[in-house]
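> In this note's numbering, the protein residues as written are 1 to 133.
To be clear, the hints were calculated from the coordinates, so they are not data collected in a lab.
Ideal placement from N, C-alpha and C gives every residue a C-beta, glycine not left out.
Please note: incorrect hints may appear among the correct ones.
What the hints assert, rightly or not - Simulated restraints on C-beta separations: (1) Glu40 / Thr63: 21 to 27 Å; (2) Gly117 / Arg83: 29 to 35 Å; (3) Glu21 / Asp54: 43 to 49 Å; (4) Thr56 / Gly108: 21 to 27 Å; (5) Trp65 / Glu21: 16 to 22 Å.
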Amino acid sequence: MARSWLEVTTDEVQSKQGARERLAERRGTIAERARAVLTECVEPAFRAAAERGDWTYREDVETEWSVARCGIYGPGDATRDPRVAFFVAEFDAYQPLVVLRRKAPGAGALPHSRTVGLDALDAETVEAFLKDA
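Work the whole structure out from these sequences, hints included.
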């Protein structure tokens, strides 16, 4: 017996709602873990590197793709000036990963990134990442 259009649509909506709930739960769990790692080892190291040089520490709001993001930026407007150097740690929203990105000063300098597992991110990894700051 064929199913009606309404039954099929209702089933699809319910399955998508279940998937959204699972994703929201996963995002919440990862956000808690990311916040703990950020507070324990990333933020102190970034703030110390910012104080050593002429850098500015900034923590951004979460986005659709990341639950936390922080970084240090060289002098200038990082949102508009391509010459500004930066070091950024971005915590993925749905996978236990952290993307570490850095860019040397200068308009022609290309950003470099490295992906690290959330559990593998420790003070030594952060210090090695910030060695050029």
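> Could you run down the list of hints and mark each one as holding or not?
Against the structure, the hints come out as follows:
Hint check: glutamate 40 to threonine 63, Cβ distance near 22 Å, so the stated range 21 to 27 Å holds. Between glycine 117 and arginine 83 the C-beta distance comes to about 32 Å, which sits within the given range of 29 to 35 Å. Checked against the hint of 43 to 49 Å, the C-beta distance between glutamate 21 and aspartate 54 comes to roughly 46 Å, which is consistent with it. The given range of 21 to 27 Å is respected by threonine 56 and glycine 108, whose C-beta atoms sit roughly 22 Å from each other.
For tryptophan 65 paired with glutamate 21, a C-beta distance near 19 Å keeps the hint of 16 to 22 Å intact.
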